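Undergrad: Chain residues, written in single-letter form:
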Amino acid sequence: MLKYVVRRVLWMIPTLFGITLVCFLLLRMANADPVSAKLQNPMRAQQISQEAIAQLRALYDLDKPWYVQYGRLVQRLCTLDLGTRWQDGRPIVDVIAEALPITLLLSLLSITLAYLISIPLGVYSAVKQYSLGDRVLTVVLFVLYSLPAFWVGTMFIVFLASGNFLKCPWTADHACFPLQGWHAFDGFAAMSRWQKLGDVAWHMVLPVVTLTYQAFAVLSRYMRAGMLETLRQDFIRTARAKGLSERRVIFGHALRNSLIPIITLIGLELPELVSGAVIVESIFGIRGMGLVALEAIRMPDYPLVITIVAFTAVLVMLGMLLSDLLYAVVDPRIKAGEESR
Amino acid sequence: MAAQSHSYLGIVRRQFMRQRLHRVSLYAIFAILLLAVGADFVASERPILLSLSGKLYVLPNVINPVALRAYDNRRLTQVMSESDWAVFPPVPWGVNSHDLDATLAPPSATHWLGTDSGGRDVLARVVHGSRVSLAVGVLSVIVLVSIGILLGSVSAYYGGVLDLLLMRLLEVVHSVPALLLLVTMLSVIMPTGWRAVVAMMVVIGLVNWTGVARLVRGEILRIKQMPYIEASRALGYGAPRIILRHVLPNALSPVLVTATFAMASAIQIEGALSFLGFGIPADMASWGGMLNDVRGHTGAWWLAVFPGAAIFVTVTVYNLAGEGLRDAIDPRLKS
Chain A
1 MLKYVVRRVL
11 WMIPTLFGIT
21 LVCFLLLRMA
31 NADPVSAKLQ
41 NPMRAQQISQ
51 EAIAQLRALY
61 DLDKPWYVQY
71 GRLVQRLCTL
81 DLGTRWQDGR
91 PIVDVIAEAL
101 PITLLLSLLS
111 ITLAYLISIP
121 LGVYSAVKQY
131 SLGDRVLTVV
141 LFVLYSLPAF
151 WVGTMFIVFL
161 ASGNFLKCPW
171 TADHACFPLQ
181 GWHAFDGFAA
191 MSRWQKLGDV
201 AWHMVLPVVT
211 LTYQAFAVLS
221 RYMRAGMLET
231 LRQDFIRTAR
241 AKGLSERRVI
251 FGHALRNSLI
261 PIITLIGLEL
271 PELVSGAVIV
281 ESIFGIRGMG
291 LVALEAIRMP
301 DYPLVITIVA
311 FTAVLVMLGM
321 LLSDLLYAVV
331 DPRIKAGEES
341 R
Chain B
1 MAAQSHSYLG
11 IVRRQFMRQR
21 LHRVSLYAIF
31 AILLLAVGAD
41 FVASERPILL
51 SLSGKLYVLP
61 NVINPVALRA
71 YDNRRLTQVM
81 SESDWAVFPP
91 VPWGVNSHDL
101 DATLAPPSAT
111 HWLGTDSGGR
121 DVLARVVHGS
131 RVSLAVGVLS
141 VIVLVSIGIL
151 LGSVSAYYGG
161 VLDLLLMRLL
171 EVVHSVPALL
181 LLVTMLSVIM
191 PTGWRAVVAM
201 MVVIGLVNWT
211 GVARLVRGEI
221 LRIKQMPYIE
231 ASRALGYGAP
241 RIILRHVLPN
251 ALSPVLVTAT
261 FAMASAIQIE
271 GALSFLGFGI
281 PADMASWGGM
291 LNDVRGHTGA
301 WWLAVFPGAA
311 IFVTVTVYNL
321 AGEGLRDAID
331 PRLKS
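Top to bottom, those sequences are chains A and B. With my numbering applied, the first sequence corresponds to residues 1 to 341, in that order. With my numbering applied, the second sequence corresponds to residues 1 to 335, in that order.
Each hint should be verified, as a subset may be incorrect.
[Claimed, not checked] Residues from chain B that face chain A, not an exhaustive set, calculated with beta carbons under 10 Å: (1) 147; (2) 168; (3) 182; (4) 184; (5) 271; (6) 276; (7) 277; (8) 299; (9) 300; (10) 312; (11) 313.
[As the list claims (entries may be wrong)] Straight-line distance between alpha carbons at most 20 Å, and here's what the computed SDA-like set of lysine to any residue pairs gives: (12) A:128 - A:25; (13) A:167 - B:100; (14) A:64 - A:74; (15) A:167 - A:184; (16) A:64 - A:76; (17) A:167 - B:301; (18) A:128 - A:257; (19) A:167 - B:297; (20) A:167 - B:119.
[To be verified] Chain A regions said to be covered by chain B (calculated; three or more residues, Cβ under 8 Å): (21) 13 to 20; (22) 137 to 148; (23) 157 to 166; (24) 305 to 312.
Hint data in this document are derived by calculation from the structure and do not stem from the laboratory. Predicted model only: the values in this text are computed from it and were never measured. Even glycine gets a Cβ: it sits at the ideal position worked out from N, Cα and C.
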């Protein structure tokens with residue numbers, strides 16, 4: 001097992017190089033020396049001070065050859081020596097340290113919920129194939145899958161959070177859900193621990209739902225397909241033949257085997273989740289990595305953008321590694337195969 | 001009953017058309033396409049035919065003649081005399097006709113789906129928005145399918161180090177969050193007008209080819225092992241004939257399915273980018289861009305409902321058609 005982990009981590013290195021290279025190319029496109037031509041176009045000249053340009057040049061060694069620039073970029077990314085945000089001069093490390101937990105909370109809540117709901121639903125759908133419940137569920141999941149998240153988020157804002165349609169008279173502006181942010185703007189610091197928890201939970205409802213439903217639709221469909229596939233296998237017939245209860249057949253034998261495909265799906269869902277977080281944070285004004293990145297791009301503050309791109313890519317890769325390890329936990333055959341090699 | 005074709009395509013078509021839902025999705029795709037092509041005839045600020053003071057204008061809605069630049073439908077009805085006549089489009093508003101008497105107006109008889117904050121007709125913009133969505137969708141899918149087929153088949157043919165490198169590249173592109181990368185690239189290019197549409201197609205294609213590449217690679221690796229390939233080799237066929245006539249055609253039908261789904265997701269991505277304000281400029285009608293207008297005006301529900309519904313319907317019919325195609329091409333995959 002340890003050997004497997006080590007090998008997987010070593011395999012990440014070339015991929016990491018690729019990611020930094022992508023970032024480097026983006027940076028070159030944005031402000032390689034012809035650079036300032038771009039930065040100094042009249043619309044943006046006002047947004048970017050001359051010091052900022054000078055800082056960028058110094059930071060990324062724009063007077064040196066490209067390989068030196070690339071080496072320095074990698075070095076800076078590795079040592080977290082990233083400079084400051086132009087907007088307010090705060091160190092980028094601090095900005096990220098503040099934004100990351102929020103995005104992580106949002107994404108982890110969402111992916112956990114998606115799995116918690118989709119596994120039982122998928123099992124139900126497969127066990128009761130072609131029943132009314134299964135057919136209704138299939139249609140609902142299909143619709144959810146085709147609904148664009150930015151539309152759903154906007155509709156939530158308009159109909160649930162604006163206070164114009166769904167009205168909750170006991171709140172100040174008659175809004176049932178908060179419009180912006182992940183906690184109350186006023187008096188959050190003064191709240192007790194439980195009040196804080198409740199307040200954050202209340203703020204998180206709509207964003208988490210918006211972020212979750214698509215992943216949940218995909219996962220349920222795969223879970224159903226995987227379960228159907230497993231139920232057709234010989235060992236299920238054997239289990240039934242030796243007189244096990246249907247409950248034990250399904251939960252003891254079939255479930256574990258059909259979990260394998262949807263666990264590998266974490267690897268596919270993670271990048272989607274990050275993209276989703278950008279949209280959700282933008283709609284609900286939550287100051288996580290996505291919103292910070294969008295603001296940085298509007299500035300445009302490329303060092304910050306590049307850092308965020310590189311950082312999220314690494315997180316996604318770590319997530320994929322985790323899903324591979326989980327895969328080995330759920331399916332002992334894989335572990336055995338790796339060790340015997 | 002008409003003679004049934006027993007060719008591969010004939011069978012696939014029959015399988016596809018068997019399901020009513022799939023048939024409907026196909027007709028809907030054609031309808032949306034027709035709407036995009038004929039948008040000027042459905043919604044325009046100028047008439048389709050106009051006879052003004054003895055002069056006949058043919059299709060002023062399309063050719064936009066200089067003599068009529070100063071007039072829109074409303075002005076024309078004011079200046080037209082008894083002998084003049086015109087054929088107006090069903091929606092007498094253009095993409096950028098600002099009806100300043102009715103900004104943020106809810107749906108009414110004059111503006112069927114209401115107006116936005118600039119007094120522009122929502123229905124007219126939804127109709128014209130189909131152009132951007134379809135153009136970006138179709139062309140980005142062409143870009144991503146070409147890249148995917150090329151890299152996927154190269155990877156599978158040559159194997160070895162090249163395969164390893166290409167698979168690493170695929171992993172890199174896949175693990176960088178697509179939306180962030182897209183937004184960054186678009187902000188670097190900063191395109192305007194129709195160039196924004198082109199930039200968007202290319203960029204979406206460049207970021208989303210990994211699925212097709214993985215699929216093509218897998219298919220080719222699988223087909224290479226098939227007995228009929230061995231048989232054709234035993235028959236003495238050359239490599240080009242085997243690859244072009246036996247391997248690729250069998251590898252491509254699943255790609256068609258993926259391409260249909262990719263179309264749906266490209267339309268969603270375009271919507272998301274325009275919604276975030278990085279895609280189509282505001283003077284062009286795009287569904288995502290229209291949704292962006294809701295942010296400052298949360299009471300204007302019609303701004304949220306209609307453009308979003310347009311995206312939803314378009315995405316849904318492409319997803320449905322994709323499912324139908326998948327079931328028709330490989331009934332075993334039916335779940």
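Undergrad: Close enough to count: is the Cβ of residue 182 (chain B) nearer than 10 Å to one in chain A?
TA: holds, 9 Å
Undergrad: Under the criterion that the straight-line Cα-Cα distance not exceed 20 Å, is the pair residue 167 (chain A), residue 119 (chain B) satisfied?
TA: violated, 28 Å
Undergrad: Holds or violated: is there a CB of chain A closer than 10 Å to the CB of residue 184 (chain B)?
TA: It holds, given that the least Cβ distance between residue 184 (chain B) and chain A is near 6 Å, below 10 Å.
Undergrad: Verify the interface restraint on residue 313 (chain B): the C-beta must sit less than 10 Å from at least one C-beta of chain A.
TA: holds, 9 Å
Undergrad: Identify whether the interface hint at residue 276 (chain B) stands, where standing means a beta carbon of chain A within less than 10 Å of its own.
TA: holds, 6 Å
Undergrad: Using Cβ atoms only, decide whether residue 271 (chain B) comes closer than 10 Å to chain A, and label the hint accordingly.
TA: Status holds, d = 6 Å.
Undergrad: Would you check the hint for residue 167 (chain A) and residue 184 (chain A), treating anything up to 20 Å between C-alpha atoms as holding?
TA: Within the cut-off at roughly 19 Å; holds.
Undergrad: Can you verify the interface hint for residue 277 (chain B): is its Cβ closer than 10 Å to any Cβ in chain A?
TA: holds, 8 Å
Undergrad: For a C-alpha distance cap of 20 Å, please report whether residue 167 (chain A) and residue 100 (chain B) respect it.
TA: Roughly 31 Å separates the two Cα atoms, so the pair is violated.
Undergrad: Are at least 3 residues of the region 13 to 20 of chain A within less than 8 Å of chain B when you compare beta carbons?
TA: holds (count 4)
Undergrad: Is the coverage entry for the region 305 to 312 of chain A by chain B consistent with the three-residue Cβ rule at 8 Å?
TA: With 4 residues in contact (Cβ-Cβ under 8 Å with chain B), the coverage given for the region 305 to 312 of chain A holds.
Undergrad: Would the hint on residue 147 (chain B) stand, with a C-beta cut-off of 10 Å toward chain A?
TA: violated, 15 Å
When held up to the earlier numbered hints, the structure conflicts with 1, 12, 13, 20 and fits the remainder.
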